[in-house]
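With the hints as constraints, model all of the structure from the sequences given.
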Amino acid sequence: DVKVTQSSRYLVKRTGEKVFLECVQDMDHENMFWYRQDPGLGLRLIYFSYDVKMKEKGDIPEGYSVSREKKERFSLILESASTNQTSMYLCASSPYTGDEQFFGPGTRLTVL
Amino acid sequence: GESVGLHLPTLSVQEGDNSIINCAYSNSASDYFIWYKQESGKGPQFIIDIRSNMDKRQGQRVTVLLNKTVKHLSLQIAATQPGDSAVYFCAHHPPVYTDKLIFGTGTRLQVFP
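Residue numbers (the numbering used here), protein chains in the order written: chain A, 2 to 113; chain B, 281 to 393.
Keep in mind that the hints were calculated from the coordinates and are not lab data. Remember, it's a predicted structure, so these values are computed and weren't measured experimentally. Here a beta-carbon is modelled for each residue, glycine too, at the ideal position from N, C-alpha and C.
Mimicking DSS-like on lysine-lysine, the simulated pairs with C-alpha atoms at most 27 angstroms apart in a straight line are:
id: 1; chain 1: B; residue 1: Lys317; chain 2: A; residue 2: Lys58
id: 2; chain 1: B; residue 1: Lys322; chain 2: A; residue 2: Lys72
id: 3; chain 1: A; residue 1: Lys71; chain 2: B; residue 2: Lys322
id: 4; chain 1: B; residue 1: Lys322; chain 2: A; residue 2: Lys58
id: 5; chain 1: A; residue 1: Lys54; chain 2: A; residue 2: Lys4
id: 6; chain 1: A; residue 1: Lys56; chain 2: B; residue 2: Lys322
id: 7; chain 1: A; residue 1: Lys4; chain 2: B; residue 2: Lys322
id: 8; chain 1: A; residue 1: Lys19; chain 2: A; residue 2: Lys58
id: 9; chain 1: A; residue 1: Lys19; chain 2: B; residue 2: Lys322
id: 10; chain 1: A; residue 1: Lys14; chain 2: A; residue 2: Lys56
id: 11; chain 1: B; residue 1: Lys317; chain 2: A; residue 2: Lys4
Derived CB-CB ranges, DEER-like:
id: 12; chain 1: B; residue 1: Ser306; chain 2: A; residue 2: Ser68; range: 28 to 38 angstroms
id: 13; chain 1: A; residue 1: Met28; chain 2: B; residue 2: Gln340; range: 19 to 29 angstroms
id: 14; chain 1: B; residue 1: Gln356; chain 2: A; residue 2: Met55; range: 35 to 45 angstroms
Here is the structure:
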């Protein structure tokens, strides 16, 4: 089975802190994605990557950056956390473009 | 712009009844559609998918119907069980943005005994 893991299930940070969210997939997938999920807004794409060291902006990249140094790992970085970044963050991977995406369990981030 | 909408935010059904969850999409060129299930505290899980060259696809207790004429997608769950209680999302790949999935906001399915 495809497994996508995220480093933390729950995280509490303070405004202005730098935050790292880690995602690892074990199926050698080419594509990886970061979403945030908010009530009433559904899943919104932050960034995605289709290859090592490659990244593309999604729909809401402001305030975020990403890093993909290895194929299996995709990191989301909040350079200076703000309260409006309190959300559920979901990582996903897919083998090819146009394929279904496999999701991790999510990280619920609270910024105080 | 791209959008995937859901007609009902919450659907309540009796255990054993059939459930139908609906989804509308705006891009007539969309060629791939997916239904996901998200249980409380978990990430979305793939349920079933369908490509635009099909009208219907069946899985275990689930059926997806695609009506391209009215740009409508539905998920039917037969003999709904308490374990089916979750939020259900439809999503699609618009052909221009082949790397991305566009998600609906979700429908919460509640199953009562």
